[in-house]
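Protein chains in written order, with my numbering: chain A, 27 to 124; chain B, 8 to 475; chain C, 0 to 491.
Think of the hints as simulated: they come from the structure by calculation, not from any bench. Predicted, not measured: the structure shown is a model, and the values here were computed from it. Glycine included, every Cβ here is placed at the ideal spot set by N, Cα and C. Hints should not be assumed to be uniformly reliable.
Sample of chain C residues facing chain A (criterion: CB under 7 Å; computed from the structure) [what the hints assert, rightly or not]: (1) Lys30; (2) Asn38; (3) Pro47; (4) Val65; (5) Asn66; (6) Phe96; (7) Pro98; (8) Leu155; (9) Pro287; (10) Ile294; (11) Lys295; (12) Pro309.
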Amino acid sequence: MTQISKAQVLKIAQLAQLKLSPQEIDIYQRELGVILDFSNKLQAVSVNHLEATEQVTNLTNITRIDEIDANLALDLKDLEKNAPNFIDRQFAIPKITH
Amino acid sequence: MISSLEDLVRQVKKQKLKPSQLVEEAINQIQLKSDLNIFIEIYENQARFQALQIEDKLNKGHPIGRLTGCIFVVKDNFLLKGSKTTAAAPILQNFEAPFTGTCLQKILDEDAILLGKTNLDAFAHGTSTENSYYKSTKNPHDSQRTPGGSSGGSAAALATDICHFSLGTDTGGSVRLPASFCGVVGYKPTYGLLSRYGLVAMASSTDCVAPFTKTPQDAKLLIEIMAGRDNLDATTLDSSNLDFRPKTVNQNLTLGVIKELNQNLDSDVQKTFNEALDHLRTNGWQIKEVSLPNIKLALACYYVLVSAEVSSNLSRYDGLRYGVHQSHDDWGELIKLNRHHGFMAENKRRIMLGTYVLSQGYYEAYYQKAQKLRTLLCQEFDQVFRQVEALLSPTSPTVAFKLGSKIDDPVQMYLADLMTVAPSLVGIPAISLPLKTAGLPVGLQLMTPQMTDNFNLNLAQELFNQLC
Amino acid sequence: MNFKSEQLNDCFVDDYLPTIGVECHVQLDTKTKLFTAINNQLTDDQLPNSAVGPLCLGLPGTLPVVNQKALDLAIAAGLFLKAKIASETRFDRKHYFYPDLPSGYQISQHHYPIIEGGLVEIPTDAKTSFSVRIQKAHLEADAGKLTHVEGQDYSLVDLNRVGTPLLEIVSQPDLHSSQQVKQYAKELYLLMTYARVCQGNLAAGNLRFDVNVSVSKSANQLGIRTEIKNLNSFRFIEQAVRFEINRQIQLLEDNQTVIQETRGFDEQTKTTFSQRQKEDAQDYRYMPDPDIPPIKIDSNQVQEVEKNLPIKPQIVRQTLNNWRIPFSDWETILDNQDLAQFLVAKNQDLNIDQAQLFVKWLIGDLLALLKQNQIVVKDILNNFENLKIIINKRLADEISNLTVKQVLVDLLVEKISLTNILNQSVKTQITDQTQLQSWIDQIIQEYPQAFADAKQDAKASGFLVGQVMKLSQNQANPRKVAELIQVLLKNK
Numbered sequence: 027m028t029q030i031s032k033a034q035v036l037k038i039a040q041l042a043q044l045k046l047s048p049q050e051i052d053i054y055q056r057e058l059g060v061i062l063d064f065s066n067k068l069q070a071v072s073v074n075h076l077e078a079t080e081q082v083t084n085l086t087n088i089t090r091i092d093e094i095d096a097n098l099a100l101d102l103k104d105l106e107k108n109a110p111n112f113i114d115r116q117f118a119i120p121k122i123t124h
Numbered sequence: 008m009i010s011s012l013e014d015l016v017r018q019v020k021k022q023k024l025k026p027s028q029l030v031e032e033a034i035n036q037i038q039l040k041s042d043l044n045i046f047i048e049i050y051e052n053q054a055r056f057q058a059l060q061i062e063d064k065l066n067k068g069h070p071i072g073r074l075t076g077c078i079f080v081v082k083d084n085f086l087l088k089g090s091k092t093t094a095a096a097p098i099l100q101n102f103e104a105p106f107t108g109t110c111l112q113k114i115l116d117e118d119a120i121l122l123g124k125t126n127l128d129a130f131a132h133g134t135s136t137e138n139s140y141y142k143s144t145k146n147p148h149d150s151q152r153t154p155g156g157s158s159g160g161s162a163a164a165l166a167t168d169i170c171h172f173s174l175g176t177d178t179g180g181s182v183r184l185p186a187s188f189c190g191v192v193g194y195k196p197t198y199g200l201l202s203r204y205g206l207v208a209m210a211s212s213t214d215c216v217a218p219f220t221k222t223p224q225d226a227k228l229l230i231e232i233m234a235g236r237d238n239l240d241a242t243t244l245d246s247s248n249l250d251f252r253p254k255t256v257n258q259n260l261t262l263g264v265i266k267e268l269n270q271n272l273d274s275d276v277q278k279t280f281n282e283a284l285d286h287l288r289t290n291g292w293q294i295k296e297v298s299l300p301n302i303k304l305a306l307a308c309y310y311v312l313v314s315a316e317v318s319s320n321l322s323r324y325d326g327l328r329y330g331v332h333q334s335h336d337d338w339g340e341l342i343k344l345n346r347h348h349g350f351m352a353e354n355k356r357r358i359m360l361g362t363y364v365l366s367q368g369y370y371e372a373y374y375q376k377a378q379k380l381r382t383l384l385c386q387e388f389d390q391v392f393r394q395v396e397a398l399l400s401p402t403s404p405t406v407a408f409k410l411g412s413k414i415d416d417p418v419q420m421y422l423a424d425l426m427t428v429a430p431s432l433v434g435i436p437a438i439s440l441p442l443k444t445a446g447l448p449v450g451l452q453l454m455t456p457q458m459t460d461n462f463n464l465n466l467a468q469e470l471f472n473q474l475c
Numbered sequence: 000m001n002f003k004s005e006q007l008n009d010c011f012v013d014d015y016l017p018t019i020g021v022e023c024h025v026q027l028d029t030k031t032k033l034f035t036a037i038n039n040q041l042t043d044d045q046l047p048n049s050a051v052g053p054l055c056l057g058l059p060g061t062l063p064v065v066n067q068k069a070l071d072l073a074i075a076a077g078l079f080l081k082a083k084i085a086s087e088t089r090f091d092r093k094h095y096f097y098p099d100l101p102s103g104y105q106i107s108q109h110h111y112p113i114i115e116g117g118l119v120e121i122p123t124d125a126k127t128s129f130s131v132r133i134q135k136a137h138l139e140a141d142a143g144k145l146t147h148v149e150g151q152d153y154s155l156v157d158l159n160r161v162g163t164p165l166l167e168i169v170s171q172p173d174l175h176s177s178q179q180v181k182q183y184a185k186e187l188y189l190l191m192t193y194a195r196v197c198q199g200n201l202a203a204g205n206l207r208f209d210v211n212v213s214v215s216k217s218a219n220q221l222g223i224r225t226e227i228k229n230l231n232s233f234r235f236i237e238q239a240v241r242f243e244i245n246r247q248i249q250l251l252e253d254n255q256t257v258i259q260e261t262r263g264f265d266e267q268t269k270t271t272f273s274q275r276q277k278e279d280a281q282d283y284r285y286m287p288d289p290d291i292p293p294i295k296i297d298s299n300q301v302q303e304v305e306k307n308l309p310i311k312p313q314i315v316r317q318t319l320n321n322w323r324i325p326f327s328d329w330e331t332i333l334d335n336q337d338l339a340q341f342l343v344a345k346n347q348d349l350n351i352d353q354a355q356l357f358v359k360w361l362i363g364d365l366l367a368l369l370k371q372n373q374i375v376v377k378d379i380l381n382n383f384e385n386l387k388i389i390i391n392k393r394l395a396d397e398i399s400n401l402t403v404k405q406v407l408v409d410l411l412v413e414k415i416s417l418t419n420i421l422n423q424s425v426k427t428q429i430t431d432q433t434q435l436q437s438w439i440d441q442i443i444q445e446y447p448q449a450f451a452d453a454k455q456d457a458k459a460s461g462f463l464v465g466q467v468m469k470l471s472q473n474q475a476n477p478r479k480v481a482e483l484i485q486v487l488l489k490n491k
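Construct the complete structure from the given sequences, taking the supplied hints into account.
Right, here's the structure in full:
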């Protein structure tokens, strides 16, 4: 089985900004291992000669003209409605010191 | 008796059916079926008000839309202005959307009446609707079983006749699977045909708005209304060449049965599927076995790609601008706490997996490899569609499974998507049709090439007439 | 290395050769943001969070759509950087968490940047220059602004700037002194403003510079480098680089090692300070953005942009050089793009003498008037024909040097018509022989030696004419004065 170390689990959790309890670390260590095992089936097939498909639409050059859409802008009450902390028209967060 | 959405609209226009009465019946039905936990939010008063407005328009002879009087519900990952959109996740439980998504707006513009937002797996991650922050939805045919997921609520609402149609999203089977488990039609269009603007994003390269209907013909009407380029979604296709007029399907075409997906099925599924094929053969259809040798890898491919995109799309949920938040003195710790309390276990699982496959050292082996396998699958489908015009498979290897039976085994849960992920990866249209069964519903999946949505729905209607 | 070895030798500090690379973030001057049709023309008094939409907030359900104008401006910038425009360009997501980044990722270009390669040449005098190679330039969306409030336990986030289009220009490490870095930064500024892709307001952060600095005893081996971020003035760039070079040399001389890290610049103390350890380079998990289809750029599109390009600084310099304007004056002209472009446009309409005089006035009296806000550039441009007349009159000595300034003021500030100005100066000029003669006599008495010199050398009479003009407070008709003096010289 694919082994993922606790250190790796913690590193991924850090990158993903997830706080894991000790139980969760154990669980994910096991579950990720199982899922990766399953994903390792991918290694069986030879695809290196192929281009990656990132989009199945085959669209290219989809752009928009440089004009303001008046319906799009949000006003202050839209922001305040959902904001956890709103001071002086801005989103307040714990002070960043570093 | 209402035979179709178009028929309903005709009757409403002729004033044979009253929208406000339809609304009351629906609300009644909701109450009768409340133990199924279908809804996150019910818009009783708004629906009543809408019905009155429509009746007013009718009385005055004002122009009305193509869905006038049709009652519908949507999965709660569609943004609706001025309403909560929760995605059944803790972090968005109080989120009020400041705009309405494109597809939903198009349906509302046709005077359909929105009755509520339905339950789903949180952030649409799941195949059973058990990953919801709210109670699990139950299958209308058997309340011990799941309705499928992630669009379980919308499927159950239609199956219990609370509404005339409903909307869900299908990323890897999230409409087809619940359609199959609940015995209704579920249609996933060509990727890019319908705008994703206003959908809580799961996997950007496979997410599709997808309707639940009683018949393929109804689905065609909805697709026609919603299809088209959207300036707010750069991945939408130009549908102006698509012809949605009804067309009889010539039976001089060959249907392919995918060999690799016709194995390891539950006995009831195998039996029902075989019977359906026999019935078709008897009616003169050509059926041929075809092979997609790498389709078995589609599931692994899907989970790698989708997890990667999920981990990316869920990065925005830090609780600093919207969403439920905790308290902490340090902004970094605050973000972690917000996310810890904001996501369900399955969300975190997919974020962890996605972060892993995108991380340095693993990107080529997993993510890039999966993208290349996707190319291979596209090629295989292209090849097979040169041999046959359409493909058939069961929608799911099983019938609806029991609530709680797979929740502790993520891989088992993923296997429910085995039949449905490949069309999602390659972007082709696929529909689930409810086969006639004595026991629990079994779905038949029909797949056709990209941009043949009209053909798919016409053919599906023909098969529906013969099999469902 | 792209320097002659003598040039390189000049850059050594003590025994160390500094090597610097520069990343410049240019804010593109579009009406709307890079991926959403929200206002991008922010004013100095723009209220916080008054130019934001759903995408800027990172709300669910939002999707990016590329602004065509941003692509066009990037192509224009690429042409000014003598770079190769990519035939296919794509966008990638760069993932990290920070309160000023609402989506949790920045949309940037990692694998397929829009601009590949390029060259910037910086003249150091009329004949020599040094060059800096451009590695690449890519488009990316800007992040928001954080304010750390004094005396409070919170910081504030303003998302107005989220999604502003940035072109990040990455140089090769071809710079070897703080002076060169400053010159390079100035040249980039010039190129980007001349290309009209950027407004060039440094105080508003229209261009922001990050510098990577390292020192090494050997020209073939680079030392450990530090990054100094967010410098937005040429002065600060030079000071920061100079300090950092010396700091690193000192460390190495003390047998310590340079730590690879990000540093900030303190404008008060003119020193750099440590900000973040760069030990584990951040894993950004770049992923192609599935919401944005690839952009293919063909030669027609590039030609279309090229057709409408403004004049490049090099052309201005060539024009000035052809007119034999001294190198030391070039910068003043270049700093005013409208004037510089105008000069190039009038290239054929001026001969060298006219041009030299015109340029002299531009960087002298006219610049002064501009600075005092007494005139605007348009006033000069609209009066070209009139100015040409004055130039010719000056060259023909029909107007004295002393009167030029007044004439320019009368024409451009007081907006008196040229005919009136010339008439008036003739009218008020005193031609009365008696009066003139009396002034001349006075001057000859005051400067007998000059008079004697003038008898030997007719050209020296100019001095006498000048003195009479001064005495007459410019009222005398200079031609008449000169004539009378000539008569006296011949006679006496």
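Item to check | Enumerated hints in conflict with the structure, sorted upward | outcome: 12
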